[in-house]
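The lines below spell out each chain.
There are 2 protein chains.
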Amino acid sequence: MDLDGILKPTLLLDPHRCKTNILRLIEKARAQQVTLRPHFKTHQSRLVGKWFREEGIDKITVTSVDMANFFAEDGWMDITIAFPVNIRQLVEINGLSEKVSLGLVVVDADTIDKLGRGMRHNVNVWIKIDVGTHRTGVAPTGTEIIDAMLEKISSNGHLHFAGFLAHAGHTYQGRSKAEVQQIYDTSLDVLVALKQKYIVDFPDLKLSVGDTPGSSMVSHFGPVDELRPGNFVFYDLMQEEIGACIMDDIAVAMACPVVAVHPDRLQWIIYGGGIHFSKDFLLMEDGKKYFGRMVDIGSTSWTTKDIKDNPYISSLSQEHGIVQCTKENFNRYRPGDLTLWLPVHSCMTTDAMGEYTSTDGGKIDHYREHVYL
Amino acid sequence: MDLDGILKPTLLLDPHRCKTNILRLIEKARAQQVTLRPHFKTHQSRLVGKWFREEGIDKITVTSVDMANFFAEDGWMDITIAFPVNIRQLVEINGLSEKVSLGLVVVDADTIDKLGRGMRHNVNVWIKIDVGTHRTGVAPTGTEIIDAMLEKISSNGHLHFAGFLAHAGHTYQGRSKAEVQQIYDTSLDVLVALKQKYIVDFPDLKLSVGDTPGSSMVSHFGPVDELRPGNFVFYDLMQEEIGACIMDDIAVAMACPVVAVHPDRLQWIIYGGGIHFSKDFLLMEDGKKYFGRMVDIGSTSWTTKDIKDNPYISSLSQEHGIVQCTKENFNRYRPGDLTLWLPVHSCMTTDAMGEYTSTDGGKIDHYREHVYL
Numbered sequence: 089m090d091l092d093g094i095l096k097p098t099l100l101l102d103p104h105r106c107k108t109n110i111l112r113l114i115e116k117a118r119a120q121q122v123t124l125r126p127h128f129k130t131h132q133s134r135l136v137g138k139w140f141r142e143e144g145i146d147k148i149t150v151t152s153v154d155m156a157n158f159f160a161e162d163g164w165m166d167i168t169i170a171f172p173v174n175i176r177q178l179v180e181i182n183g184l185s186e187k188v189s190l191g192l193v194v195v196d197a198d199t200i201d202k203l204g205r206g207m208r209h210n211v212n213v214w215i216k217i218d219v220g221t222h223r224t225g226v227a228p229t230g231t232e233i234i235d236a237m238l239e240k241i242s243s244n245g246h247l248h249f250a251g252f253l254a255h256a257g258h259t260y261q262g263r264s265k266a267e268v269q270q271i272y273d274t275s276l277d278v279l280v281a282l283k284q285k286y287i288v289d290f291p292d293l294k295l296s297v298g299d300t301p302g303s304s305m306v307s308h309f310g311p312v313d314e315l316r317p318g319n320f321v322f323y324d325l326m327q328e329e330i331g332a333c334i335m336d337d338i339a340v341a342m343a344c345p346v347v348a349v350h351p352d353r354l355q356w357i358i359y360g361g362g363i364h365f366s367k368d369f370l371l372m373e374d375g376k377k378y379f380g381r382m383v384d385i386g387s388t389s390w391t392t393k394d395i396k397d398n399p400y401i402s403s404l405s406q407e408h409g410i411v412q413c414t415k416e417n418f419n420r421y422r423p424g425d426l427t428l429w430l431p432v433h434s435c436m437t438t439d440a441m442g443e444y445t446s447t448d449g450g451k452i453d454h455y456r457e458h459v460y461l
Numbered sequence: 089m090d091l092d093g094i095l096k097p098t099l100l101l102d103p104h105r106c107k108t109n110i111l112r113l114i115e116k117a118r119a120q121q122v123t124l125r126p127h128f129k130t131h132q133s134r135l136v137g138k139w140f141r142e143e144g145i146d147k148i149t150v151t152s153v154d155m156a157n158f159f160a161e162d163g164w165m166d167i168t169i170a171f172p173v174n175i176r177q178l179v180e181i182n183g184l185s186e187k188v189s190l191g192l193v194v195v196d197a198d199t200i201d202k203l204g205r206g207m208r209h210n211v212n213v214w215i216k217i218d219v220g221t222h223r224t225g226v227a228p229t230g231t232e233i234i235d236a237m238l239e240k241i242s243s244n245g246h247l248h249f250a251g252f253l254a255h256a257g258h259t260y261q262g263r264s265k266a267e268v269q270q271i272y273d274t275s276l277d278v279l280v281a282l283k284q285k286y287i288v289d290f291p292d293l294k295l296s297v298g299d300t301p302g303s304s305m306v307s308h309f310g311p312v313d314e315l316r317p318g319n320f321v322f323y324d325l326m327q328e329e330i331g332a333c334i335m336d337d338i339a340v341a342m343a344c345p346v347v348a349v350h351p352d353r354l355q356w357i358i359y360g361g362g363i364h365f366s367k368d369f370l371l372m373e374d375g376k377k378y379f380g381r382m383v384d385i386g387s388t389s390w391t392t393k394d395i396k397d398n399p400y401i402s403s404l405s406q407e408h409g410i411v412q413c414t415k416e417n418f419n420r421y422r423p424g425d426l427t428l429w430l431p432v433h434s435c436m437t438t439d440a441m442g443e444y445t446s447t448d449g450g451k452i453d454h455y456r457e458h459v460y461l
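One line per chain: the protein sequences are A and B, in this order.
The first sequence runs 89 to 461 under the numbering used here.
The second sequence runs 89 to 461 under the numbering used here.
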């Protein structure tokens, strides 16, 4: 791997690791006849999207109307925006629905009403259910609210009820296969009970779930129709801690120059801060925060052997990273050297960086909200 | 203030508040005959830079070689890069030094050596001193190291020793004028002692300090030559907590649509997450985190009266913000409404957003690393 041309903080993407992650989940979903509708908010890249398409994926998930437009213009024809409808963007949503088979997520009857009055093309409408994450979604016990929402959907010719959608984000609290399976199963039970109640009136209704720990760690997906995980395309240190991946699966690494070394406190300063990594962190056993872990530079990519003995990023300010070393590894690098770091939360790091450099050489695109529009 | 055209997360900049912040510090520095060399990493905007220039500022500070280029191309001719020299960018540094009076920061003799051998134009070299923040810099007791560095500087015709530079970042731990003054004074004492030691050999050596709490709260700057604060241009909730500003000084606010409301837990969900605000947070008295505070929409800008009774952002994921309300304020907004939020750390929020919308209407530019190059 030739890193001589890397002069400043740069996000490396290993296509081999990334394609392996993609293929593994595609095969797992296919074997269980579950539709994989990957969430593209993690990679936000047309090239990475192409790798999915080459494996037969034709349905995707995104976060925003603008990200949907970005991928629609690249030929994706079936897109779900997995975020409560932002009714202020009704004009843009209308425009999108003319071009693609569009899925929207709703959490209240009023918004459905406004949506219904504004749409001039057909859209699929998913009711978001709160299966325990308590971020957003309708409580599964709130069947009066669901009834009112379904009435609004049914009374408008352009709105088609697609089914119930959930994000079991509390799988991120799990730290074993058993824990994640249990959260997954409980969440699914909630959705299945709703399906049983409403399938008489809506025989086509589907169940959509999606989070990377669940998708990666659960053995049997059960009676779901589609999965919408995103992070698995790269994984990260958080997923490794949960148990959703191993270190060697992580497909992105930050390259950062060392700019100072402080032998008295066994620390390096790297050029790479919160604006590059984002400020998500994990806790070590002794309660100390860390924001990234060093990997070793290999011949074609990085290697992760003995990574837990490597230096870690103990603090991030805007552009500085403080790296904690030990006596054993402090002398490995000097100012001017390039170091490689696995991120804590790859979705946030890739969004902050806004482009990739492939370990094979060359740039890989990333969606840019403000530049694109 | 017409917010109808704002459809999605948008960073508002109030030019009136911003220009007031700029002028206040310019006048304070001028009254004490201290050079103000504002750090442009907070705003990263050529238009905001123009507001400084109109008040007579002609020297600036930036974080990176690329940001220096961005402002050099806008006519700034005296730029200090207040970050340890990233020697991997030697070619770019050489290019810059041909065009502008360039200041660089060094923390070790080896890097000075490499710099000296590579430079083809004159540059000013500042030795960074660690005055107690323990991020980077040479320990003030490390006079052998300083001697070795000065020898390297002096032995190269293109390197001119400018003086000692420090960032007393530990003023951010202060919570009163007395505490900040004390940290400022202690830091300055360290620099003054060094100056006394080295002025015989380097009669032109200067002292440069800079942080927003110090610059804003200290009454007497003492025997420093220049100040390099950045955040004061906008301030934020963190600075308000320290006591460096009042709520009404904060010159940027995030506009975010409400997309869901949850009466059972008195929460709203806003379209605005970690990729918009960044994930810096503050702690309330009861130990709960908050990531932003709501302000009220006024006729020409936002207003901050009774802000401490307003809803606050209790959690941020990638694009969602969870807002905690009370019974009294929960019904103020509904899905589809726009809400305004003061950020915890404006440097990080502006970097994440990458552009501004003026409260006067129109867009305001912001540097974009990957797009610009």
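None of these hints come from the bench; they were simulated from the model.
Bear in mind that the values here come from a model prediction, so they are computed numbers and not experimental data.
Some hints could be false.
[Said to hold, decoys possible] Chain A side only, calculated, beta carbon under 8 Å to chain B, not exhaustive:
id : residue
1  : S152
2  : N174
3  : R176
4  : V347
5  : Q406
6  : I410
7  : T414
8  : G424
All C-beta atoms in this analysis are idealised placements derived from N, C-alpha and C, irrespective of residue type, glycine included.
Hints and how they fare:
no.	hint	result
1	S152	holds (7 Å)
2	N174	holds (5 Å)
3	R176	holds (4 Å)
4	V347	holds (4 Å)
5	Q406	holds (6 Å)
6	I410	holds (6 Å)
7	T414	violated (18 Å)
8	G424	holds (4 Å)
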